[in-house]
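> In case you want the letters, here they are:
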Amino acid sequence: MSNAKERKHAKKMRNQPTNVTLSSGFAAERSMKHHIGGGKPFNAQKQEPHSGTTRQRQTRMTPHSLSEPDGNELCSSKVTFKKKGGWKAGPEGTSQEIPKYITASTFAQARAAEIRAMLKAVTQKSSNSLVFQTLPRHMRRRAMSHNVRRLPRRLQEMAQKEAEKAVHQKKEHSKNKCHKARRCHINRVLEFNRRQKKNMWLETHIWHAKRFHMVKKWGYCLGERPTVKSHRACYRAMTSRCLLQDLSYYCCLELKGKEEEILKALSQMCSMDTGLTFAAVHCLSGKRQGSLMLYRANKYPREVLGPATFIWRAETTPGDPSESRQLWIWLHPTLKQDILEEIKTVCQCTEPIRPTLGIPDPLQTQSQEKNQAELPEEQIGKKRKRKDNGEIVKPIKKVIGDGTRDPHQPYAWLSLTTGILISDLTTEMNRFRLIGPLSHSILTEALKAAAVHTEGQDTEETPHHWWMEACKNPDSVCLHRKQEAVFELLGGITSPAEIPAGTVLGLTIGDPRINLPQKRTKASTNPEKCLDNEKVRQLLLEGVPVECTHSFIWDQDICKSVTENKIPDQDLNRMRSELLVPGSQLVLGSRESKIPILLIQQPGRVTGEDRRGWGSGWDVLLPKGWGMAFWIPFIYRGARVGGLKETVVHSQYKRSPSIPGDFPDCPAGILFAEEQAKNLLEKYKRRPPAKRPNYVKLGTLAPFCCPWEQLAQDWESRVQAQDESSIASSPDGEESDLSSGDEVLGAAEPATGPQLSDDVGTSAFDPKEPEEGMDTECQVQAGPERVKDLGSGENCAAAPGGQLCVLRSRKLLKRLSAWCGPSSEDGRAARRAPCRRQEELTREAWLPILEHFPRALVWVSLSLLGKGSPEPHTMICIPAQEDFLRLREDRRYCGPQEPKHRDPFKSKILKQKEKKKLEKRKQRGCATSMDLAGGDPVARQEALPLGLWSGPLPAVTTHCSRVLLGFVTQGDFSMAVGCGEALGFVSLTGLLHVLASQPAAERGLVLLRPPASLQYRFARIAIEV
Amino acid sequence: MAENREPRGPVEAELDPVEYTLRKRLPHRLPRRPNDIYVNMKTDFKAQLARCQKLLDGGARGQNACTEIYIHGLGLAINRAINIALQLQAGSFGSLQVAANTSTVELVDELEPETDAREPLTRIRNNSAIHIRVFRVTPK
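Residue numbers (the UniProt record's numbering), protein chains in the order written: chain G, 1 to 1025; chain W, 1 to 140.
Each hint should be verified, as a subset may be incorrect.
[What the hints assert, rightly or not] In silico DSBU-like links for lysine-lysine, alpha-carbon gap of 30 Å or less:
id : chain 1 : residue 1 : chain 2 : residue 2
1  : G       : Lys915    : W       : Lys42
2  : G       : Lys645    : W       : Lys42
3  : G       : Lys814    : W       : Lys46
4  : W       : Lys46     : G       : Lys867
Please keep in mind that the hints were generated in silico from the structure rather than gathered at the bench.
Just so you know, these numbers come straight off a predicted model, no measurement behind them.
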């Protein structure tokens, strides 16, 4: 044995226990060394009960892990490790250490323990790697992980086990089809149809699924946000380019019948107070899209159902009262069920209409589907025969439109008394939204008006008979030309905000796939088109003429024919490839599809002073089946696609409420809030207590939901207490009462009390002053009367005062918004609002409002003065007098801090835990003797999450050092303004009190505090109408 | 509603807020070239001045420098547009010249009805605007 080899061996054996080398003697040791060094099989070891080489190898591979667990045992059996390089000194040293005699039993015991330890170490695989990964390189084979038999036989057993474990973790593949079969078109379509049974897919689903995080929401599969990092890019697209969204999940209800009857029925569901209704003149003519709030019939200020937009079909013969009109109401899917039921009852539409032949029978298609689904399963293993059956199976079609609709459920209802027909047109149409200034150029570039069918062309070939018919009529040809001209004018207008809000334009266009550019291009406004001529001026001033709103999309039969006669992409591509000159324009002539569409202008930001027209754009309505044919051309013109998150951002920057999150009084909004609270709580619980905020200590009572009811109730009772105290005693009594209740308002009150009385004194122009100024006891008695005469109808007076509602009366909101602004001394504001002077913030002015809406919320927008970006559930609080003082001293003062609260639950939870532990120990101690089922109820009840308020909430308004006014529902740093912005609701009662108590210069200042922070920050409140 | 009891001032007659709400529409805009600058009152004055200067100076070695820029101001922003142009000129040691043009811009005011029975109206209002061309002259 050479020196080098010895050294190498010594290095390897460094950590081996001495006795191993000892017991086997030098010869055995040498042989072992050989084996270890060269890896040759050794006969003597094969006789061992277990497969020796494996063990050997494993020992070799994990010398350290082996030696350590063994260490204890070996030491206990009084065996020592050799020192470094011990092997060399071994033979000499042994002579001294050899005992004179050994007791057989103890020796055997010690050896047995050693062997046991070794066996254990050998059988347990200590490393994380799989069996085949531990093989030396020269023994590795291709696809070992896939095929167990490629491993050496002795390892196969272990590998098998590992493979089984891995299989369990993997997703189950359909066993009966190979990859190729699964990719086969028919099978794919079947699979797709199966997968969209529960959650419906939009037509652009597959496009989205490749690029978006998908969520299952509202019965649809929707793209939530792009997988690429694109928050800012999407914002830029909205402001300066074009953002595209698929809104096909919006639901459309169609009402057909006499105008008079429809208006009469629907007028119960809306109120003039909230703005224009279905009867607005310009909407009724079909010229504009309208939007409104729907309520349960005759319940106006309460029981809101949700917002909706609507379009009337333009009359064909204006002024004919007997004509049947068509109305489309577009709704968010969460609101659909409630509103549909309400409309049905209002219109007395009880007679369901079974699907006729005109509409494809979902029953039939489903049974077909089932047959088709069963067929391939029968033929497992008979691959060859498939082809014959393939011909029969061929009519499989992709589910277009609503595949999830329950076949037994009718979706059209007729009223026998009023003659109104309601049908649910959900997913019968596609709705794409283009937001941003470039949407005009994208639209005009991507869509080209259809060619008019001339008599000369042969009529046999075309499947588009409806268009031929239309072209025979010179009037409709003329109309088509007119529409085309208007549409072309749009290309020269640089922003959709310049066009009257809600303009509707109908159009019939050619197949958008025909003139698809080769590559993705970026559309830009063509300066040549931007003529400043009379026509453009006309369009900007008066909008699209009424007759141009006509579109064939209103006609169900035409839509159906358009959907059915679509040339498949495959055929179109084939035709394109057969062109003589590659890349030249494909001319289909009369075979080219003509698609009726409807364009609707969406007004962007219309309220408020700044960023007017931000986020305006166009909605495109298409017949179903044509989604992708329009989607790709839009994208090829440079539109960026956004998902649901972008919708929320859009509504937030536009400062408009998002559906359904910002409608806390409608059923869908309540449901949404509950779900959100549940999700947030789950997310919160996933973190360890030390790594999550303790909301009790932070003084946040409800970090995951907004207790609107309690907020409104608290404010109502506060005001009542205040009033009563003021009735009972002099102003100082009121003060003392307040200061006992809470210090903050008490501190603010001395300033306000005199001011209020001043106001009463100075409101000389008020003719009703004597009445209003009467003693307060009379005021209380006069309350109900006033409510009655103030109410717009008996329904208002009848409505229960105790219910929560959101203030949506435009008149009141306008007044509030005037009060909210700082009625400052600077000239501009004063000049701008001379009419505001008439309604000064007096007690007389706001008392009637309060009596009418004792528990109401007001939608407000807040913008932070300095730092900070609010998040949802941020608390809106009233600043104390001292905060104003400090702000006045230091303009950059960022705000007060909330003192830390005590957590009374922490000790309880800890105690509970201790108890549980004790009990567990007891259980272990006397496991069988005790009857544990009837154990301590405290231990049985679910453990409270640490850091959350448990049990019913205390008074929400006065829990913190600043009085709570409301909550934020949406909030973030706004890239459009460059500071934090929030939207939320405040209690109307609270708001009026705050406004009255604040000095004029600082009116409208509030404090915001996020749920996980102690820092308050100043923000300015604004109400935009 | 509550308005019935509200005192009505004399100012109300000039713009009937009960029937209509005034919404100002965006001014009609022509497509913007890279060397067009629209001055507004929202953005900080210094920032706007710096933006113009940057356009005239170009990149680090003067690449992509515009030989002329157009500064547009509308209404209240006319003052500011003039101010920016003059500041540019003053800071250029005689290498920049200005040439101003004035014009009138038609603005559209939309009157949104508050009651169903009324049609929306539009009013045309004129406002003055200024377009200042700031250009480089080769010093003689």
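> Taking the hints in turn, state whether each one holds.
Hints and how they fare:
| no. | hint | in the structure |
| --- | --- | --- |
| 1 | Lys915/G / Lys42/W | violated, 64 Å |
| 2 | Lys645/G / Lys42/W | holds, 28 Å |
| 3 | Lys814/G / Lys46/W | violated, 36 Å |
| 4 | Lys46/W / Lys867/G | holds, 22 Å |
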